[in-house]
Amino acid sequence: MYYLIAFLVGGIIIFQMMMNSILSCKVGKLNGIFYNFFTGTLLMGIFFVFNITNFKEGLSKISDGQIWMFAGGILGILILSICNYAIPRMTAVYVTLFIMIGQLVTGNIMEYIIIGNISMKKILGCTLILTGVMYDMVMGKVKKSKAEQYN
Amino acid sequence: MEGIMILGSGMLIAIMLGINGSLANLVGNNMSVFLIHFTGLIVICLGILLKGEKIKYSKELPFYFYFTGFLGVSVVACNVATFKNIGISNTIALGLTGQVFFSALIDHFGLFNREKNKIGLHKIIGFVFIFAGIYLVV
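These protein sequence lines are chains P and A, in that order. Residue numbering for the first sequence follows the working numbering, starting at 51 and increasing by one per position. Residue numbering for the second sequence follows the working numbering, starting at 14 and increasing by one per position.
It should be emphasised that the hints constitute simulated quantities derived from the structure, not laboratory data. Given the structure is predicted, the values throughout are model-derived calculations rather than measurements.
Derived DEER-like restraints, expressed as beta-carbon distance ranges:
1. Lys67(A) with Thr181(P): 44 to 50 Å
2. Lys67(A) with Ile165(P): 46 to 52 Å
3. Glu66(A) with Gly95(P): 21 to 27 Å
4. Ile173(P) with Leu62(A): 43 to 49 Å
5. Ser113(P) with Asn98(A): 30 to 36 Å
Here are the simulated DSBU-like pairs of lysine-lysine, each with C-alpha atoms no more than 35 Å apart in a straight line:
6. Lys76(P) with Lys131(A)
7. Lys79(P) with Lys69(A)
8. Lys76(P) with Lys69(A)
9. Lys79(P) with Lys64(A)
10. Lys72(A) with Lys79(P)
11. Lys111(P) with Lys97(A)
12. Lys69(A) with Lys129(A)
13. Lys72(A) with Lys129(A)
14. Lys79(P) with Lys129(A)
15. Lys72(A) with Lys76(P)
16. Lys131(A) with Lys171(P)
17. Lys171(P) with Lys97(A)
18. Lys131(A) with Lys172(P)
19. Lys172(P) with Lys97(A)
20. Lys131(A) with Lys79(P)
21. Lys67(A) with Lys79(P)
22. Lys131(A) with Lys72(A)
23. Lys76(P) with Lys129(A)
24. Lys76(P) with Lys64(A)
25. Lys67(A) with Lys76(P)
26. Lys106(P) with Lys97(A)
27. Lys172(P) with Lys129(A)
Reference listing, derived: stretches of chain A covered by chain P, where coverage requires no fewer than 3 residues with Cβ under 8 Å from a Cβ of chain P:
28. 14 to 26
29. 66 to 75
30. 97 to 107
31. 130 to 136
Note that CB positions come from ideal geometry on N, CA and C, so glycine has one too.
Chain A on its own, in the form it takes in the complex (with noise of 0.2 Å):
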């Protein structure tokens, strides 16, 4: 059930990028993220207004872990970057690449406090396809 729903949300991923691209061509990429985290945060403002909660802050996690929007920010300056000196393709297969590597050096060492889940033959022999197919497709 949470695969088809986070399926679900990589679909919503492709078509926010579109959306997103069509508007960095309008005005511009500094402009355009600036523009839809400031509409993100007065919808979701409203949604917090709608429902009677207070803006919480809570101790137990450690202070940076509030600034998650700095990273989405630089990913996009990052991106921005990468896209002009080595093409879109090879961005995207790097990115996709990382973010493969990432989430397997996650589960296999159980960060953030996640159960671990070891790399065994079978995660490599998987990814080898999955390496391939994203070379293909990009």
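Next comes chain P alone, as it looks inside the complex (with noise of 0.2 Å):
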């Protein structure tokens, strides 16, 4: 069951980023990004409002944190603005690749600063999956997609 959760999950994301992307040509970019964040804020703020999951005791630490902490949210509009731009101009799974690939890499060399040493069998399966994108390219012979409707 919960497999299958994790599955879709994937699937999930890719919606969410097609149809914010479509969003965005419709209303604007930066309008676009304001629904997003505006209908995340609406749920997680009903869940606050009738404290639904257990909220107080985070609220206590908020002061804990250091700045940096809370700067998720403003990289998440950066990544959206990225993102709404090149979907369209893309097919989507290249842009699902590409963020895959640019994810990894990042999420190595961070592993690599923080924890100092960096596994085989993790650099083998990148480069893996770049083999794989780049055959997929050379021999797709990639067209760039273009969702004109919504341009």
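Using the hints, put the two standalone chains together into the complex.
Put into structure tokens, the structure is as follows:
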């Protein structure tokens, strides 16, 4: 059951990105991002107000946090604006794969900086993924996708 | 060019996940999701104000397109549940596989009014490499 959920979550992420990029094309870049954060805050805000899940504990600890810990939302905006620009101009598969490669490479670099070593397995895995992407791109003669109706 | 931009956004996602993770460690999952959306909302509102834009609503799109934030929250909620039950690496591997699968689906059928890009043999061979890579990484 949980295996299926984990798999479907991948789909939700893709659908969210696609839908938001379409929305951004329609109502403007800033507005599109606004709705994403607005509806997210709305849902969590409802949970928060009715204390459906335990928020009290977290609330008291906010002041212990360092300022960089709260930068996630700002980075989220940056990421969304890049994605909303690029998604209508690329095929969905390559959007996914490029994001994945960027994430994996940076994740490994961060791990290397924090922990100090990196496993051969991970380097091999990243190389395999890159090989797959390259093979597909060269053989498939990538066409740029145009979602014309939305541009 | 778009590829490089998207690559950069993937790098930012990794950094963001790290930052959000440490916030979640401090204030708990639910509170962190609320705070992340809330700070994002404040910053984007400031941006809209500074640019002098108005908050627009277009009737051309179905209503549910405005609720992508709900999807974002549900992703986090599902991730928390699956992390606990099947472990982090399984969650990441299956999530990535799901992403590749569903994006291939979108391209194949041209969902969301996109150009169709059929799955061919070259894609399947490429995917075999990619899935093997995902398996090794996590």
